[in-house]
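Enquirer: The chain contents come next:
There are 2 protein chains.
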Amino acid sequence: MKIEHIGIAVEDLTVSNQIFEKLLGKEAYKQEMVAGEKVKVSFFQVGDVKVELLQATAHDSPIARFLAQKKEGIHHLAFAVENIQEEVERLKGDGFAFLNEEAKDGADNKLIVFLHPKSTNGVLVELCQDKNAYG
Amino acid sequence: MKIEHIGIAVEDLTVSNQIFEKLLGKEAYKQEMVAGEKVKVSFFQVGDVKVELLQATAHDSPIARFLAQKKEGIHHLAFAVENIQEEVERLKGDGFAFLNEEAKDGADNKLIVFLHPKSTNGVLVELCQDKNAYG
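So the sequences go chain by chain: X and G. Everything in the first sequence is counted per the working numbering, starting at 1 for the first residue and increasing by one. Everything in the second sequence is counted per the working numbering, starting at 1 for the first residue and increasing by one.
Careful: at least some of the hints might be erroneous.
No copy labels: a pair is met if it fits in one copy or bridges any two.
Capping the alpha-carbon separation at 20 Å, the derived lysine to aspartate or glutamate pairs in EDC-like fashion look like this [unchecked claim]:
no. : residue 1 : residue 2
1   : Lys71     : Asp130
2   : Lys2      : Asp48
3   : Lys131    : Asp12
4   : Lys92     : Asp108
5   : Lys26     : Glu87
6   : Lys92     : Glu27
7   : Lys26     : Glu86
For the record, the hints were derived by calculation from the structure and aren't laboratory data.
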């Protein structure tokens, strides 16, 4: 298990892309829509880890709900795993709760699940697996 | 610039160490007190990045104030830099604000500064440099 990315909720992706370009000294290498999550995202590569900025594209997006409650800031922490269903089973066996146990489509060609923050000290933890490695 | 660690504010380090041991499938490799920040911390190595859990050791610790306001969760995102004062100057030139511009002692033998979250989309960004590399 290694850290794949850190997700940051933002109000305006264009504005925030400029902030993070200056901070990190480089441009986002990719921008995409994730229809299932109702978000528009950009990715910055920082060493082996990515910083993902997320803007809501609808009022009922998870990011819109987060911003309404907590304002802009770090939203989730994502770990890359080789076999997502095996990790779900392992963590369920250890008593962790999930927001979704069935892997769904995420950004960047990934299958993703989220653990419930009540299990993980208030941290929204994502597990993600490359789709190409699925099977 | 690369991600050095992700700091997570917790109420009880002993309890949270157990949670993250299960989540990450490994034990914390280090625990220490950071007197200047009034915190007790533990570190987990996850690939090239560390997860740092922080418990307040006094009511006026920054972590105690964070927990009072926001509950447990991700507290800061730390980037490793080679020359911290050069990075401070670069980022000041780009209009970023700092909580402290003069590097101070952090955990894990580091010199650290914090950017003001108002500059960085609500994310508390730390820059850190190995003390041994200072000069």
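Enquirer: If a hint holds in the structure, say so; if it doesn't, say that too.
Expert: Right, here's what the structure says about each hint:
{"no.": "1", "hint": "Lys71 / Asp130", "result": "neither (30 Å within a copy, 32 Å between copies)"}
{"no.": "2", "hint": "Lys2 / Asp48", "result": "both (10 Å within a copy, 8 Å between copies)"}
{"no.": "3", "hint": "Lys131 / Asp12", "result": "neither (29 Å within a copy, 37 Å between copies)"}
{"no.": "4", "hint": "Lys92 / Asp108", "result": "neither (26 Å within a copy, 33 Å between copies)"}
{"no.": "5", "hint": "Lys26 / Glu87", "result": "between (33 Å within a copy, 14 Å between copies)"}
{"no.": "6", "hint": "Lys92 / Glu27", "result": "between (38 Å within a copy, 19 Å between copies)"}
{"no.": "7", "hint": "Lys26 / Glu86", "result": "between (36 Å within a copy, 17 Å between copies)"}
Taken one by one, the earlier hints fail for this structure at numbers 1, 3, 4, listed in ascending order.
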